[in-house]
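Q: Sequence:
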Amino acid sequence: MKKTGFDNELYVKKQTENILKRIDAFGNKLYLEFGGKLFDDLHAARVLPGFDPNVKTKILRNLKDKLEIIFCIGAPAIEKNKIRADFGITYGNELLRLMRNLRELGLKINSVVITQYNEQPAADMFRKQLERKGEKVYIHKLTKGYPNDVDTIVSDEGYGANPYIETTRPLVVVNAPGPNSGKLATCLSQLYHEYKRGVRAGYAKYETFPVWNLPLKHPVNVAYEAATADINDRNMIDYFHLEAYGVSAVNYNRDLEVFPVVKNILSRILGTSVYKSPTDMGVNMAGYAITDDAVVQEAAKQEIIRRYFKTYNEYKQGKADLDTAHRVEILMKDMGVSAMDRTTVAPARAKARECGHSSVALELPDGSIVTGRDKNNLYAPAAVIINAIKALAKIDDKIKLITPDAIDAVLKVKREALKSKTKKMNLEEALIALSFSAATNPTVEFALGKLELLEGCEAHSTVMLPESSLQIFRKLGINLTCDPEFSGE
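Note that the UniProt record's numbering numbers the sequence shown so that position 37 is 37, with each residue one more than the last.
Be careful, since some hints might not be right.
Capping the alpha-carbon separation at 20 Å, the derived lysine to aspartate or glutamate pairs in DMTMM-like fashion look like this [claimed, not checked]:
| no. | residue 1 | residue 2 |
| --- | --- | --- |
| 1 | LYS80 | ASP408 |
| 2 | LYS419 | ASP408 |
| 3 | LYS14 | ASP52 |
| 4 | LYS108 | GLU135 |
| 5 | LYS58 | GLU135 |
| 6 | LYS412 | GLU428 |
| 7 | LYS375 | ASP405 |
| 8 | LYS3 | ASP293 |
| 9 | LYS414 | GLU467 |
| 10 | LYS375 | ASP341 |
| 11 | LYS276 | GLU257 |
| 12 | LYS3 | ASP341 |
| 13 | LYS58 | ASP40 |
| 14 | LYS319 | GLU79 |
| 15 | LYS64 | GLU166 |
| 16 | LYS136 | GLU166 |
| 17 | LYS319 | GLU485 |
| 18 | LYS301 | ASP341 |
| 19 | LYS141 | GLU157 |
| 20 | LYS133 | GLU104 |
| 21 | LYS394 | ASP366 |
| 22 | LYS400 | GLU428 |
| 23 | LYS475 | ASP40 |
| 24 | LYS144 | GLU131 |
| 25 | LYS3 | GLU363 |
| 26 | LYS263 | ASP151 |
Just so you know, the hints here were simulated from the structure itself, not pulled from any lab data.
Given only the sequences and the hints, what does the whole structure look like? Please build it.
A: Structure follows, in structure tokens:
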């Protein structure tokens, strides 16, 4: 049983109350920039054990009669087919998934704004796709005069050039499928239009990380820095907050750099200076729900190690530069941990040395380790999952859950019908074969029922795995890392 260090229910209560308080402070109309992920905030769940990855939707459901949601997506991200790293899907597909899931929860979606538009053909195509689904779509181009010419920004040539998005509820949540999607610009553009219409609306920001009331070098905040190393986010003391209140608070470099601009724009729109620091803008209450700091610190250190492997994998694959990988490695060393502090690394490497083939090690809920290696007819990821469910079901290792005949049949289809050059069964194929066996074999059915116990487990591979296998580990909820080595196949 994994220890928890975060009280999710307390967080929901405090966060809901704080958002309501901020709505009241602005006369019952607030544009809330929602950073991070609405669903599946797996990073937060890993570094704050006890945090529900979907907690933000619980908070939104508490406020559902008061809110509507605007989604932003950047035209450059659509054009580049940008991928959400943790699920391996494009920003466009993630946006569609978010809208579908939120509607299933009874939440109101107002519209989609395609930001930073410059006649990108892919953005035009995505707009048509949304409109044919019956969605309202608005187009925002780059703001004239931004960031320094406030007179132009706060004018009909700047924010006024954007179409006004009609909203009717006190809370307007502005979210996006990923960073740099234009959420802030959309909020400020709407404020400009609201004030022209005599509505005294306000702006606030809800972002879980960095946690403003934890120390700068707290592992939770360092883990956030490791997670955003690719966009060069760096945690800093909010010097505006320190100067205004004499209180130390943590924010990140981009918010601090842009604050004078945002403050000037807000002051020009609102006619008064409502915020003295970027921290003032925030409504996040996560720090108040930490119940066991030691548990949280250890979880965050483990996340930094996972990020170390991830960035070196991306470097090897040409997706990241060496500076990014080095930055995460330095953060890891600053926390006093190394790759070998991850429990599955040494067993996986030892198994690979022993058998001469790539291997995967997986830590079961009771702390014991199982391994799987590449075999003549089975890849290591498939082998380790089979070994894991056998161990959990207490099935003798000699018993075959998939018969040789079944494996041969799958490989024959791959070889003859699909013209595949691979001569082994991968993880997805193994799970399908197991499900067929389970229909007639109670032992296999019992073992397959143990798959759900693997959620939250840790695993390590001695080679980088194909995306198809990575997707299945994600779906099973297994936190997998890989040595930055290419497979021999």
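Q: With reference to the structure, classify each hint as holding or not holding.
A: Tested hints:
For the given pair, LYS80 sits about 41 Å from ASP408 by alpha-carbon distance, which is inconsistent with the 20 Å threshold. In summary, the hint linking LYS419 to ASP408 is supported, as the alpha carbons are separated by about 15 Å, within the 20 Å threshold. This hinted pair checks out: LYS14 and ASP52 have alpha carbons roughly 15 Å apart, not beyond 20 Å. Restraint check: the Cα-Cα separation between LYS108 and GLU135 comes to about 12 Å, which is no more than 20 Å; the hinted pair holds.
A hinted pair counts as satisfied when its Cα atoms are at most 20 Å apart, and LYS58 with GLU135 does not qualify at roughly 24 Å. Restraint check: the Cα-Cα separation between LYS412 and GLU428 comes to about 16 Å, which is no more than 20 Å; the hinted pair holds. Simply put, LYS375 and ASP405 have alpha-carbon atoms about 16 Å apart, close enough for the 20 Å limit, and the pair holds. The suggested pairing of LYS3 with ASP293 holds, with an alpha-carbon distance near 11 Å, which does not exceed 20 Å.
Using a Cα cut-off of 20 Å, the hinted pair LYS414 and GLU467 holds, with the two alpha carbons roughly 18 Å apart. Between LYS375 and ASP341, the direct Cα distance comes to roughly 28 Å. Violation of the 20 Å bound is thereby established for this hinted pair. About 14 Å separates the Cα atoms of LYS276 and GLU257, which keeps this hinted pair within 20 Å; it holds. A C-alpha spacing of about 18 Å is found between LYS3 and ASP341, which places the hinted pair at or below 20 Å, so the restraint holds.
As the CA atoms of LYS58 and ASP40 are separated by approximately 12 Å, the hinted pair is consistent with the 20 Å bound. Distance restraint check for LYS319 and GLU79: the Cα-Cα separation of roughly 17 Å lies within the 20 Å cut-off, and the hinted pair is therefore satisfied. Proximity of LYS64 to GLU166 is assessed by CA-CA distance (about 18 Å); at most 20 Å being required, the pair is judged to hold. Only pairs whose Cα atoms come within 20 Å are accepted, and LYS136 paired with GLU166 is accepted, the gap being roughly 11 Å.
Of the pairs offered as hints, the one joining LYS319 and GLU485 holds, with about 14 Å between alpha carbons and a cut-off of 20 Å not exceeded. Taking the CA atoms of LYS301 and ASP341, the gap is near 9 Å; set against the 20 Å cutoff, the hint holds. A hinted pair counts as satisfied when its Cα atoms are at most 20 Å apart, and LYS141 with GLU157 qualifies at roughly 11 Å. Note on LYS133 and GLU104: the hinted pairing holds, with a Cα-Cα distance of about 16 Å set against a maximum of 20 Å.
For a cut-off of 20 Å, the pair hint linking LYS394 to ASP366 stands: about 13 Å separates their Cα positions. The suggested pairing of LYS400 with GLU428 holds, with an alpha-carbon distance near 17 Å, which does not exceed 20 Å. Straight-line distance between C-alpha atoms of LYS475 and ASP40 comes to about 11 Å, which keeps the hinted pair within the 20 Å bound. Taken as a hint, the LYS144 and GLU131 pair is broken in the structure, with Cα atoms around 27 Å apart against an allowance of 20 Å.
The straight-line distance between the Cα atoms of LYS3 and GLU363 is roughly 15 Å, inside the 20 Å bound, and the hint therefore holds. Using a Cα cut-off of 20 Å, the hinted pair LYS263 and ASP151 holds, with the two alpha carbons roughly 14 Å apart.
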